[in-house]
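Going down the list, the sequences are from chains U and Y. Position 47 of the first sequence, counted from 1, bears residue number 238 in the numbering used here, the numbering being contiguous throughout. Position 264 of the second sequence, counted from 1, bears residue number 455 in the numbering used here, the numbering being contiguous throughout.
Mixed in with the good hints, there may be bad ones.
Each pair may be met inside one copy or between any two copies, as identical chains are not told apart.
Listed below are the simulated DMTMM-like cross-link pairs for lysine to aspartate or glutamate, each with C-alpha atoms no more than 20 Å apart in a straight line [claimed, not checked]:
| no. | residue 1 | residue 2 |
| --- | --- | --- |
| 1 | K317 | E334 |
| 2 | K317 | D428 |
| 3 | K317 | D430 |
| 4 | K204 | D430 |
Hint data in this document are derived by calculation from the structure and do not stem from the laboratory.
Protein chains: 2
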Amino acid sequence: MDRADQVRVNPEKLRAAFMKPNAKLLQLDGLNPVFDMDGSLSWGAVIDASPDNDLLLLGIDGDVPHFAELTGAGDAGPAANPALWQMLGNLRPNEAAIYATARSLVDWHARHRFCAQCGNPTGSRKGGWARLCGKDEGGCGAEHFPRTDPVTIMLSECQGKVLLGRQPRFPPKRFSALAGFVEPGESIEGAVARELWEEAGIKVRDVRYVASQPWPFPSSLMIACTSVTDDPALTLDEDEIEEAAWFSLDEVKAAMAGDASAPFIAPPPFAIAYNLLKHWVDEQER
Amino acid sequence: MDRADQVRVNPEKLRAAFMKPNAKLLQLDGLNPVFDMDGSLSWGAVIDASPDNDLLLLGIDGDVPHFAELTGAGDAGPAANPALWQMLGNLRPNEAAIYATARSLVDWHARHRFCAQCGNPTGSRKGGWARLCGKDEGGCGAEHFPRTDPVTIMLSECQGKVLLGRQPRFPPKRFSALAGFVEPGESIEGAVARELWEEAGIKVRDVRYVASQPWPFPSSLMIACTSVTDDPALTLDEDEIEEAAWFSLDEVKAAMAGDASAPFIAPPPFAIAYNLLKHWVDEQER
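Just chain U, same shape as in the assembly (with noise of 0.2 Å):
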């Protein structure tokens, strides 16, 4: 689908969208998706938005403009459904974002009515991509733009095995790469050595970047990494992870396969920590 910048930027090309008869409308409830029968996203038509609400315009498909509705609803933390997550997992990638775009912004929108520069009341433009604190309104004229956070996330290899951590709300047996925010004045690499010596103590060296994926809880860029470290002897951040360990190939190609004698449950096929292991396993057995 085509995000159509030209078109949120300029207001009657928006207005042709929204008028067009077969203008879609993303079916949401609060941030969680609704499903058609089939397991595909649910669309429903833009007349039948509520006029109350702002429209998000998420792109054009063809000739079909898609939108979302700016509802208000709003995400304090990661949605943490086991069914709805594994229905998520088997979203085609197209439909993934398309969600992924929509949750992020309805939740940016409803968490940002006001200018956090002067305190005023600002309104959605540019079909949903910004807010201004208009100046006659009252405000200072500041335009604000929807966040996008991110976040590395990481193994480390020593002698052949591979680090991964539980975070204590992770359920039993559940391990996964550790990951931390990109702060400023970081590049990604930095921030990778960083967060492995914050949380477990350890000096990485031969930062590889490996993949990338936007994760909308609320609004994070995932950015999965390599790195290997020389010594493992680990000194845990206890209050980031309760436990961390490293494991060999084997025990890690037993937890993604499901293996009832694995010693961890690996992180499921959706989250990028998944393909970052499977990356790992790849490698080592190239």
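Mind docking chain Y on chain U? Use the hints.
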């Protein structure tokens, strides 16, 4: 320098760091750095900070805490002073990272004095790494964290030539890599493909990550990538790009060497676009 995240969140440790007689204070002129005679960043003593300003804990180097003052200086756009940029380019990498952190955060505090969720005033917390909308002050309790905005900057290669473009604000003859923000719901690779389609009208494949660098004007994380296209026909978005062209290896090398006969002026060495071009030249010559 250790960013000392465990000190940020511990008011007692933070106070002890502030009280250390050797604690340093970064000298800033608004958002710009102050340089010592040898071209390095200038530092004073924390004791000389204004009691009216909150302090930002930049980190701890050995046993020396380093702070910056949250002066309220904000920035609306890129710094355009060539002499300053020359000086910045000569900083050692660790000093450049410290300055980037300080500039991004001083600016972020200046432009985020109010809660985006409820409009009430917020206050600095966690050694300057968060702002709180305090319930005791009538706020909603939301905690806000500094932004880091991921930006892709990319080359595309076609038939042995590389695509560079000019933004209207560039100095005469300067060409550089195209760039754009990663949007909610996108991967890095998806953002590269979308930007090249929107700005240059080309369809690309084989997007590859090369390197990343913080860019504190005001708070970007630059993510440099290469890509390949099979059709060199360009359709420019003239609001963003006033001119774009394919350049040969010899033309790029002449520009990077500063030859007067080169067909364009290359980006400066401290910009990630320069390193991206250098990576491309090295790949061609391998």
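We went through each hint and held it up to the structure:
{"no.": "1", "hint": "K317 <-> E334", "in the structure": "within (11 Å within a copy, 27 Å between copies)"}
{"no.": "2", "hint": "K317 <-> D428", "in the structure": "between (43 Å within a copy, 17 Å between copies)"}
{"no.": "3", "hint": "K317 <-> D430", "in the structure": "between (41 Å within a copy, 16 Å between copies)"}
{"no.": "4", "hint": "K204 <-> D430", "in the structure": "between (50 Å within a copy, 17 Å between copies)"}
The structure agrees with every numbered hint stated previously.
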